[in-house]
Amino acid sequence: MDDKILIGTILKPQGILGELKIKDLSDGFDSVCDIKTVEIDGSEYKVLNIRAFSNSLFLSLSGIYDRNTAEAFRGKSVYAKRSEINKADDEFFIVDVLGCTLCLSSGKELGEILDISSAKVDIYTISTPEGKAVFPMLKELKPIFDIENKRVTVDCKRFTEVVMYED
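Be aware that the sequence shown starts at 252, since it is given in my numbering, and climbs by one per residue.
Any given hint could be a false lead.
Unchecked claim - Taking CB as the label site, the calculated pair distances span:
#1 316 - 293: 52 to 60 Å
#2 288 - 383: 33 to 41 Å
#3 368 - 317: 16 to 24 Å
#4 319 - 412: 54 to 62 Å
#5 360 - 280: 16 to 24 Å
#6 327 - 303: 16 to 24 Å
#7 365 - 314: 16 to 24 Å
#8 395 - 326: 15 to 23 Å
Claimed, not checked - Below, a list of computed lysine-lysine pairs in the DSSO-like style, where the Cα atoms sit at most 30 Å apart:
#9 297 - 338
#10 297 - 263
#11 332 - 287
#12 332 - 401
#13 255 - 393
Don't read these hints as lab results, they were simulated from the structure.
Idealized CB from N, CA, C, for every residue including glycine.
With the hints as constraints, model all of the structure from the sequences given.
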């Protein structure tokens, strides 16, 4: 597993003191409020301040003290150390779920998890022998995540009620 997790993309400088406005790709401010360092373009920066507004994060970083310096970071990806991101024990990083095999409670393996889109309910895209399929990861699917063995198991009956196959 990679030690770094993508938490956002730099949209633009904010103000004249080098603060960066970040498109938040994390699970919300509570998950990243305690990060101490970030990595941008292979360089590590100490986080001096982090705050949230709407769907954005605002970062003040060591070494970036004016708008001109901050401008050079526009469009760059921001990574945080996995160990510094807050998450509950029963939560997983999307990057860890991607590539897992989706299995039904009946034991049948359906295919590989290709993508997860965040919405009110996460939407999973899988590759199956019949083609691509999408489904919402509802609580009623009773998912069992076995990240170590790269398997996610869902309830067979409920899955057949919610899955949509693409042509």
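Here's how the hints hold up against the structure:
In this structure, residue 316 and residue 293 break the distance hint of 52 to 60 Å, their C-beta atoms being roughly 21 Å apart. Remark: the range hint 33 to 41 Å for residue 288 to residue 383 is upheld by a beta-carbon distance near 38 Å. Between residue 368 and residue 317 the beta carbons are some 37 Å apart, a value that contradicts the proposed interval 16 to 24 Å. For the hinted restraint 54 to 62 Å between residue 319 and residue 412, the CB-CB distance of approximately 56 Å keeps it satisfied.
The hinted window of 16 to 24 Å between residue 360 and residue 280 is violated, with their beta carbons roughly 37 Å apart. As the Cβ distance of residue 327 to residue 303 is approximately 19 Å, the hint placing it in 16 to 24 Å holds. Between residue 365 and residue 314 the C-beta distance comes to about 38 Å, which lies outside the given range of 16 to 24 Å. Checked against the hint of 15 to 23 Å, the pair residue 395 and residue 326 fails, with Cβ atoms roughly 39 Å apart.
Proximity of residue 297 to residue 338 is assessed by CA-CA distance (about 21 Å); at most 30 Å being required, the pair is judged to hold. For the hint linking residue 297 to residue 263, the alpha-carbon distance of about 19 Å falls within 30 Å, and the restraint holds. With a C-alpha separation of about 9 Å, the suggested pair residue 332 and residue 287 falls inside the 30 Å cut-off, and the hint holds. The straight-line distance between the Cα atoms of residue 332 and residue 401 is roughly 22 Å, inside the 30 Å bound, and the hint therefore holds.
At roughly 29 Å between alpha-carbon atoms, residue 255 and residue 393 fall within 30 Å of each other, so this suggested pair holds.
Consistency note: the structure conflicts with the earlier hints numbered 1, 3, 5, 7, 8.
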